[in-house]
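Residue numbers (this note's numbering), protein chains in the order written: chain F, 5 to 87; chain R, 28 to 259.
Don't take every hint at face value.
Unchecked claim - As a list, the in silico SDA-like pairs of lysine to any residue whose alpha-carbon atoms are at most 25 Å apart:
#	chain 1	residue 1	chain 2	residue 2
1	F	Lys47	R	His50
2	F	Lys47	R	Gly88
3	F	Lys47	F	Leu32
4	F	Lys47	R	Glu57
5	F	Lys47	R	Gly254
Hints were generated in silico from the structure; no laboratory data involved.
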Amino acid sequence: MSGFDVLVEVRLRAGIADPEGATIERALPALGFEGISDVSVGKAFRLRVEAVSEEDAVTRAGDLAHRLLANPVIEDATVTVMP
Amino acid sequence: MGTGGGAVTSVGVIVYPGTNCEHDVVEALESLGGRARLIWHTSTDLGGCDAVVVPGGFAHGDYLRPGAIARFSPVTGALAAFAAAGGPVLGICNGFQVLTEAGLLPGALQKNRGLTFLCTTVTVRVETTRSALTNRATLGQRLRIPINHFEGNYTCDAATLRTLRDHDRVVLRYEDNPNGSVDDIAGICNEGRNVVGLMPHPERASQELLGSTDGRVLLESLLSAAGVPVGA
Chain F
5 MSGFDVLVEV RLRAGIADPE GATIERALPA LGFEGISDVS VGKAFRLRVE AVSEEDAVTR
65 AGDLAHRLLA NPVIEDATVT VMP
Chain R
28 MGTGGGAVTS VGVIVYPGTN CEHDVVEALE SLGGRARLIW HTSTDLGGCD AVVVPGGFAH
88 GDYLRPGAIA RFSPVTGALA AFAAAGGPVL GICNGFQVLT EAGLLPGALQ KNRGLTFLCT
148 TVTVRVETTR SALTNRATLG QRLRIPINHF EGNYTCDAAT LRTLRDHDRV VLRYEDNPNG
208 SVDDIAGICN EGRNVVGLMP HPERASQELL GSTDGRVLLE SLLSAAGVPV GA
């Protein structure tokens, strides 16, 4: 077993309204930021996962992501092993 | 205990760390002739109560998502078993969020459209009288009840919405949708009709002093579902 640093990102599923992202996007021109679109707001979780392999770490973190960190009704999760 | 030897009907009101409407619910139920007692979230035993209310507040600080951690409290397992056996369960506001996260009701409650915390009184319409929350109400009855939430925007996938509509499981709808909820939904029930969740707070509309008594008929319905003889 060894430890893997894992990043779990949770974001709203496509088609689910993201009023927070939309509000931030609307504020951008006032600050002089042009050409920025598709702003979406989610959550990031950093975990240290003990696992036998990188693949195992992704599987275990993915299970956690789908059972707790994300609500599958409205959210998706992606799992990345950090270098 | 009743002197006749029969068990006294009581409503269990669940308290998670951060729940804050439990005393209002107990007060309202007792003003209607019910008996209520608090159940701490580490309990795995509902103590033989005849109905359960999951009141409003911020269970476990609303960390992660409202209701997400409450699902893992020991009492929630007992609650799920009680619900599966047909026991009347009512989730109010944060309690509704807990019930969806626990999988006892479908869908989810997102941030309000417009990103504002809402603290106001709304009009809801009774859409079915076949539920633990509305069995003493009238179809189409309009009720003025306070809301107080940030995540009350009910959402679900198209198939779930179709099921809710087709099976008469939308219990309450907003007259003037305050939060963006799909199909103006303010409250729904499960397939067995014994588990109901709603965003408005009926306990805050249970005395003239509070500005409305329209919530009484809903709480009377719950007591009725629990077997308490209510009113005339």
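> Between Lys47(F) and Glu57(R), does the CA-CA distance stay at or below 25 Å?
Replying inline: violated (42 Å)
>> For a C-alpha distance cap of 25 Å, please report whether Lys47(F) and His50(R) respect it.
In response: violated (34 Å)
> Within a Cα-Cα threshold of 25 Å, do Lys47(F) and Gly254(R) meet the stated pairing?
Replying inline: Violated, at roughly 45 Å.
> Lys47(F) and Gly88(R): Cα distance at most 25 Å?
Replying inline: At roughly 17 Å apart (the allowed maximum being 25 Å), Gly88(R) and Lys47(F) satisfy the hint.
> CA of Lys47(F) to CA of Leu32(F), is that 25 Å or under?
Replying inline: holds (21 Å)
Hints 1, 4, 5 from the list above are not met by this structure, while the remaining hints are.
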